[in-house]
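Protein chains in written order, with my numbering: chain A, 1294 to 1403; chain B, 2 to 116.
Among the clues, some could well be false.
When the alpha-carbon atoms are kept at most 27 Å apart in a straight line, the in silico BS3-like pairs for lysine-lysine are as follows [claimed, not checked]:
{"hint": "1", "chain 1": "B", "residue 1": "K58", "chain 2": "B", "residue 2": "K79"}
{"hint": "2", "chain 1": "B", "residue 1": "K58", "chain 2": "A", "residue 2": "K1329"}
{"hint": "3", "chain 1": "A", "residue 1": "K1329", "chain 2": "B", "residue 2": "K15"}
{"hint": "4", "chain 1": "A", "residue 1": "K1329", "chain 2": "A", "residue 2": "K1402"}
{"hint": "5", "chain 1": "A", "residue 1": "K1402", "chain 2": "A", "residue 2": "K1363"}
{"hint": "6", "chain 1": "B", "residue 1": "K58", "chain 2": "B", "residue 2": "K12"}
Have a look at the derived ranges for each label pair, beta carbon to beta carbon [what the hints assert, rightly or not]:
{"hint": "7", "chain 1": "A", "residue 1": "K1350", "chain 2": "B", "residue 2": "R82", "range": "46 to 56 Å"}
{"hint": "8", "chain 1": "A", "residue 1": "D1311", "chain 2": "B", "residue 2": "R65", "range": "43 to 53 Å"}
{"hint": "9", "chain 1": "B", "residue 1": "S28", "chain 2": "A", "residue 2": "V1343", "range": "22 to 32 Å"}
{"hint": "10", "chain 1": "A", "residue 1": "G1334", "chain 2": "B", "residue 2": "P62", "range": "19 to 29 Å"}
Hints are computed from structural coordinates only; laboratory data are not their basis.
Every residue gets a Cβ at the ideal spot worked out from N, C-alpha and C, and that includes glycine.
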Amino acid sequence: GQQVMQIPQYQHVQEGEDFTTYCNSSTTLSNIQWYKQRPGGHPVFLIQLVKSGEVKKQKRLTFQFGEAKKNSSLHITATQTTDVGTYFCAGRDSNYQLIWGAGTKLIIKP
Amino acid sequence: GAGVSQSPRYKVAKRGQDVALRCDPISGHVSLFWYQQALGQGPEFLTYFQNEAQLDKSGLPSDRFFAERPEGSVSTLKIQRTQQEDSAVYLCASSFGFLGANVLTFGAGSRLTVL
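My request is simple: use the sequences and hints to build the entire structure.
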């Protein structure tokens, strides 16, 4: 079946370092959404990308949607402790189902 | 309401017991989804309602799982004869639009532990 692969599973960074997570779909997506889940919390919507090659920024977060609408990335510049959590991508397929990635856990080294 | 409300937040059940998990979506939201999230994993789709109609139940893992939304608002996920592998957080999410539109607002989840 259709899958969205998300890597890495974990990323340990020092506070102030950058963080990136990548999602790749086996098929073309109509759009892709990103969610953040804090430890012990529930997923919270961050952004939706719809157009081929789209780039959107939210303060230190940069989201990209690939030209072929099969891949996406989230980049955080100069991580802060408030960024800790798991970041999920969720791609919408041709049947309008949301296919979720397994998430990338951002861990700030003490 | 202001957000998606789920109850109970925590449920401990003995193996073989039946459980019922409630979701109260945002008022006026047409679409309602149930997801299962195991520890350290992403949400796994269980079922989808558009108003009171259950349009997709392909993610329900067995016939022990049953969901309903009789009046198109509150939904209940029922698990019969619970097994240890049913232990997970059950997330409910709603959205204003139909299946292909809008984004999901999640509730805080119901954490089920089956002993």
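Evaluated hints:
no.: 1; hint: B:K58 <-> B:K79; verdict: holds (13 Å)
no.: 2; hint: B:K58 <-> A:K1329; verdict: holds (26 Å)
no.: 3; hint: A:K1329 <-> B:K15; verdict: violated (32 Å)
no.: 4; hint: A:K1329 <-> A:K1402; verdict: holds (19 Å)
no.: 5; hint: A:K1402 <-> A:K1363; verdict: violated (32 Å)
no.: 6; hint: B:K58 <-> B:K12; verdict: holds (23 Å)
no.: 7; hint: A:K1350 <-> B:R82: 46 to 56 Å; verdict: holds (50 Å)
no.: 8; hint: A:D1311 <-> B:R65: 43 to 53 Å; verdict: holds (45 Å)
no.: 9; hint: B:S28 <-> A:V1343: 22 to 32 Å; verdict: holds (27 Å)
no.: 10; hint: A:G1334 <-> B:P62: 19 to 29 Å; verdict: holds (24 Å)
Checked against the numbered hints given earlier, the structure breaks hints 3, 5 and satisfies all the rest.
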